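If you read the sequences in order, they're chains A and B.
Just so it is clear: in the first sequence, position 71 is 71 by the numbering used here, and no numbers are missing.
For any residue, its number in the numbering used here is found by taking its place in the second sequence, counting from 1, and adding 1000.
It cannot be assumed that every hint is accurate.
[Unchecked claim] Pairs of lysine-lysine residues, derived as DSS-like cross-links and limited to a Cα-Cα distance of at most 25 angstroms, are as follows:
#: 1; chain 1: B; residue 1: K1153; chain 2: A; residue 2: K77
#: 2; chain 1: A; residue 1: K110; chain 2: A; residue 2: K313
#: 3; chain 1: A; residue 1: K110; chain 2: B; residue 2: K1290
#: 4; chain 1: A; residue 1: K203; chain 2: B; residue 2: K1290
#: 5; chain 1: A; residue 1: K140; chain 2: A; residue 2: K191
#: 6; chain 1: B; residue 1: K1191; chain 2: B; residue 2: K1265
#: 7; chain 1: A; residue 1: K140; chain 2: B; residue 2: K1089
#: 8; chain 1: B; residue 1: K1049; chain 2: A; residue 2: K203
#: 9; chain 1: A; residue 1: K77; chain 2: B; residue 2: K1318
#: 10; chain 1: A; residue 1: K191; chain 2: B; residue 2: K1049
#: 11; chain 1: B; residue 1: K1104; chain 2: A; residue 2: K140
#: 12; chain 1: A; residue 1: K223; chain 2: B; residue 2: K1290
#: 13; chain 1: A; residue 1: K77; chain 2: B; residue 2: K1167
#: 14; chain 1: B; residue 1: K1147; chain 2: A; residue 2: K77
#: 15; chain 1: B; residue 1: K1105; chain 2: B; residue 2: K1153
#: 16; chain 1: B; residue 1: K1294; chain 2: B; residue 2: K1324
#: 17; chain 1: A; residue 1: K93; chain 2: B; residue 2: K1049
#: 18; chain 1: B; residue 1: K1167; chain 2: B; residue 2: K1229
#: 19; chain 1: A; residue 1: K44; chain 2: A; residue 2: K344
#: 20; chain 1: A; residue 1: K320; chain 2: A; residue 2: K344
#: 21; chain 1: A; residue 1: K77; chain 2: B; residue 2: K1324
#: 22; chain 1: B; residue 1: K1242; chain 2: A; residue 2: K77
#: 23; chain 1: A; residue 1: K110; chain 2: B; residue 2: K1191
#: 24; chain 1: B; residue 1: K1060; chain 2: B; residue 2: K1089
#: 25; chain 1: A; residue 1: K67; chain 2: B; residue 2: K1049
#: 26; chain 1: B; residue 1: K1147; chain 2: A; residue 2: K386
#: 27; chain 1: A; residue 1: K203; chain 2: B; residue 2: K1265
#: 28; chain 1: B; residue 1: K1179; chain 2: A; residue 2: K77
#: 29; chain 1: B; residue 1: K1249; chain 2: A; residue 2: K110
#: 30; chain 1: A; residue 1: K92; chain 2: B; residue 2: K1049
Quick caveat, the hints were computed from the structure, so don't treat them as lab data.
These numbers were taken from a predicted model, which means no experiment stands behind them.
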Amino acid sequence: MKSRHLLRILFTLALPAAVHADWRQFRGPDATGATSEAGAAPSKLAVAWSAELPGRGLSSPIVLGDKVFVTAASGPKQDRLHLFCFNTVDGKKIWERQLRATGRTMCQEKTCVAAPTPCTDGTSVFIQYSSNDVAAFDLKGNLFWFRGLTSDYPNASNSLGMASSLVVAGGTLVVMVENDSESFTAGLDVKTGVNRWKLSRPKAANWTSPVLFQNAVALQSSKGLLGIDPATGSPLWNYEDGASTIPSSAASGEVLFVPSRGLTALKPGKSGGSPEQLWRVENMNPATASPLVLGDRVYIVNGTGVLQPADVKTGERFWKLRLAGPASGSPVGAGTSIVFAAEKGVVQLIDTTAPEGAVAAEVDLKETLLCTPALSGGAAYVRSDKHLWKLN
Amino acid sequence: MKWTPALLLVFASPLLQAEPGAALQTLTAVGPEGRGNAEAGPAWAAVVKEGPAALGAVLKAMEGANPLAANWLGSAAETIGDQALAAGKALPVDELKTVILDVKKAGRARVTAFDLLHRADGAAADALVPGFLSDPNPELRRSAVAKLLTAAKAAKEKAEIVAACRKALEGATDADQVKELAETLEKNGEKVNLPRHFGFLMGWQVIGPFDNSGRRGFDTVFPPETEIKPDAAYPGKSGEVKWQSFTSKDDYGQIDFNKPYGLIKEVTGYATTTFDSATERTAEVRLGCKNAWKVWLNGQLLFSRDEYHRGAEIDQYKLPCRLKAGKNTLLVKLCQNEQTETWTAEWQFQLRLSDDTGRALLSTDRNADQ
């Protein structure tokens, strides 16, 4: 174990900053929780630096080159919407921008207005908040465009709070605004924020996030999972057997792992129609955390904070490992390591090569953590309502 | 600020070279569904590049700006402030103070100016706060209330505590601050008339239940939507229904349909009341409700929403409206759905009228003790 960590450290130190893979959106490069960057995961979870944040947030940080971006919301009504850009090396603030909510900011107490995670296409950073305010900044902090989607569509809101994160595919920013009333997903032009398309969606509260899958974006809802062409919003395939409205799907190769009647593995066909169901494990239920695919295993964290892997081809289950407690965020992984942030403030590094899985390192940050970590360059980035940390 | 030719020479933006203020006009022209965004991005960068000298013009451009434009302008002003302070440049403190103290200027411009002043000269900004207690801007008002709350907490004598809280209550409109003040006063033997403070409408006529099976009642036009006749009787969900009086006893003005009708599901009810306004004026109907609802004022539908049991709070929905002088009639439709969980039992709303900053409006026929 020690030698493997040493090798990983040496490898990480030898890498110039430019070769670190980015963590461009919620749950990483493909919005599925994993990155192919071999040295992305930290080795010890030592605190490299921390930076203060002025308001609430459970959005994840995202990483682009030597910059880490994170959102927050401050003020008694959480109507001050912040976007921060920090230097990944030393945690110094490079710039901060602030907008005001134009939509409703009411949220259930545990969540908050800065719930959706930003995303980037490498030249712009796109942000969304529970108030359905959406904006784009360039990497220097210049405001490119701004939309108030509840201003445009006045019944688009959820009194418990919205939480879906953004993905960008081609030149389209996919924004899920799914709720009990005026429910839709829109494709916005990344350069202007103007609608390229707007798709009516099931009238039901939905906190899942879109997933990039091959040439499609997968939209999950209580009805199931719909694959759409991100350029047009046109349906490509449709799974209609219902799905969770909290944890999102994970993907690997040609297969999607969907929180649907337990965990269901689906293979969408290239000619549309209903995806082929490869397997289903009914009592493998992701709670709030979304599943993660790492290598040949798909991992879930259940409601009591137990991590469990299953074979991606068969659904056969393996060991169970009790983690530091329940989580609102999702596990993320790189190589053979998983990083997990428990609500009570403990971040854990899981060695998945151990026969029964093992906690290789952990750190207690002593603040409530509701975010999903970001991994890049041998570091994990996590945030609370008060701080952003780099752990390496 | 003056847009001098010398300054224009250093502008990179053709917008500003072509016409001083054109960039600001571009920012104020943004509209719904991304209208004007393509032009606004370069204009924003051009304005920010101007630096502190542009702040006065940016704040002035906020007058009458829609909330989208106000975001472009406010963000530009804050970015100018950020960059100037980081570079060790001074902000125009006196100009900012002038904007802050002019209560006729746009609230967003004044708050932005206050934020900038606070960063440039925190002591100067703090010194202004006590003067905000009766300010028309709710954010500035809140800061003055917060200062008095702090003073009340620090005070040791009951008379001091009560005096600070009573004074704070004059400006308090945010529910959390009002609640804290009322509780502190109550502990010191002072009762606050919360319904009157907020302006909750307490006395209503209610009728129901009509049907809401399959949530279809929300779009069904039942008789109260076409006529309000106090003596009329209509077929309801389970028999004839008539209007009856209902007066809320709740400090926060809840009109609870479960009280007259019991814990029933898949039903629709209506409530109507009147509000006498001394003058014709703009106002806001402010509603808190976790059931599906519709609100009409003088027969005009203000807004409707078909969300059930996701949460409610005071001033959850702010519905701009225009009151006529004399009697105004309000009608609320309230739908209860089929869910059976204990947290879905509520079938109620709270409604008040206020100005557009949240200060209560009271009907001219409201008794002094109500």
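Each hint, compared with the structure:
Taking the CA atoms of K1153 (chain B) and K77 (chain A), the gap is near 23 angstroms; set against the 25 angstroms cutoff, the hint holds. At roughly 37 angstroms between alpha-carbon atoms, K110 (chain A) and K313 (chain A) are farther apart than 25 angstroms, so this suggested pair is violated. The suggested pairing of K110 (chain A) with K1290 (chain B) holds, with an alpha-carbon distance near 18 angstroms, which does not exceed 25 angstroms. Between K203 (chain A) and K1290 (chain B) the alpha-carbon distance is near 16 angstroms, which keeps this suggested pair within the 25 angstroms criterion.
This hinted pair checks out: K140 (chain A) and K191 (chain A) have alpha carbons roughly 16 angstroms apart, not beyond 25 angstroms. The suggested pairing of K1191 (chain B) with K1265 (chain B) is violated, with an alpha-carbon distance near 37 angstroms, which exceeds 25 angstroms. Under the criterion of a C-alpha separation no larger than 25 angstroms, the hint pairing K140 (chain A) with K1089 (chain B) is consistent with the structure, at around 20 angstroms. Only pairs whose Cα atoms come within 25 angstroms are accepted, and K1049 (chain B) paired with K203 (chain A) is rejected, the gap being roughly 45 angstroms.
Restraint check: the Cα-Cα separation between K77 (chain A) and K1318 (chain B) comes to about 14 angstroms, which is no more than 25 angstroms; the hinted pair holds. With a C-alpha separation of about 21 angstroms, the suggested pairing of K191 (chain A) with K1049 (chain B) holds against the 25 angstroms cut-off. The hinted pair formed by K1104 (chain B) and K140 (chain A) fails the criterion: a straight-line CA distance of about 35 angstroms is larger than 25 angstroms. For the hint pairing K223 (chain A) with K1290 (chain B), the CA-to-CA distance comes to about 24 angstroms; that is within 25 angstroms, so the pair holds.
Between K77 (chain A) and K1167 (chain B) the CA atoms are separated by roughly 23 angstroms; this keeps the pair inside 25 angstroms, and the hint holds. With a CA separation close to 18 angstroms, the supplied pair K1147 (chain B) and K77 (chain A) stays within the 25 angstroms bound. With a CA separation close to 33 angstroms, the supplied pair K1105 (chain B) and K1153 (chain B) exceeds the 25 angstroms bound. About 20 angstroms separates the Cα atoms of K1294 (chain B) and K1324 (chain B), which keeps this hinted pair within 25 angstroms; it holds.
For the hint linking K93 (chain A) to K1049 (chain B), the alpha-carbon distance of about 20 angstroms falls within 25 angstroms, and the restraint holds. Of the pairs offered as hints, the one joining K1167 (chain B) and K1229 (chain B) is violated, with about 44 angstroms between alpha carbons and a cut-off of 25 angstroms exceeded. Between K44 (chain A) and K344 (chain A) the CA atoms are separated by roughly 19 angstroms; this keeps the pair inside 25 angstroms, and the hint holds. A hinted pair counts as satisfied when its Cα atoms are at most 25 angstroms apart, and K320 (chain A) with K344 (chain A) qualifies at roughly 20 angstroms.
The hinted pair formed by K77 (chain A) and K1324 (chain B) fails the criterion: a straight-line CA distance of about 31 angstroms is larger than 25 angstroms. As the CA atoms of K1242 (chain B) and K77 (chain A) are separated by approximately 41 angstroms, the hinted pair breaks the 25 angstroms bound. At most 25 angstroms may separate the alpha-carbon atoms for a hinted pair to count; K110 (chain A) and K1191 (chain B) exceed this at roughly 32 angstroms. Using a Cα cut-off of 25 angstroms, the hinted pair K1060 (chain B) and K1089 (chain B) holds, with the two alpha carbons roughly 21 angstroms apart.
For the hint pairing K67 (chain A) with K1049 (chain B), the CA-to-CA distance comes to about 23 angstroms; that is within 25 angstroms, so the pair holds. At most 25 angstroms may separate the alpha-carbon atoms for a hinted pair to count; K1147 (chain B) and K386 (chain A) meet this at roughly 23 angstroms. With a C-alpha separation of about 20 angstroms, the suggested pairing of K203 (chain A) with K1265 (chain B) holds against the 25 angstroms cut-off. Restraint check: the Cα-Cα separation between K1179 (chain B) and K77 (chain A) comes to about 15 angstroms, which is no more than 25 angstroms; the hinted pair holds.
For the hint pairing K1249 (chain B) with K110 (chain A), the CA-to-CA distance comes to about 31 angstroms; that exceeds 25 angstroms, so the pair is violated. The hinted pair formed by K92 (chain A) and K1049 (chain B) meets the criterion: a straight-line CA distance of about 23 angstroms does not exceed 25 angstroms.
In this structure, the earlier hints numbered 2, 6, 8, 11, 15, 18, 21, 22, 23, 29 are contradicted, and the remaining ones agree with it.
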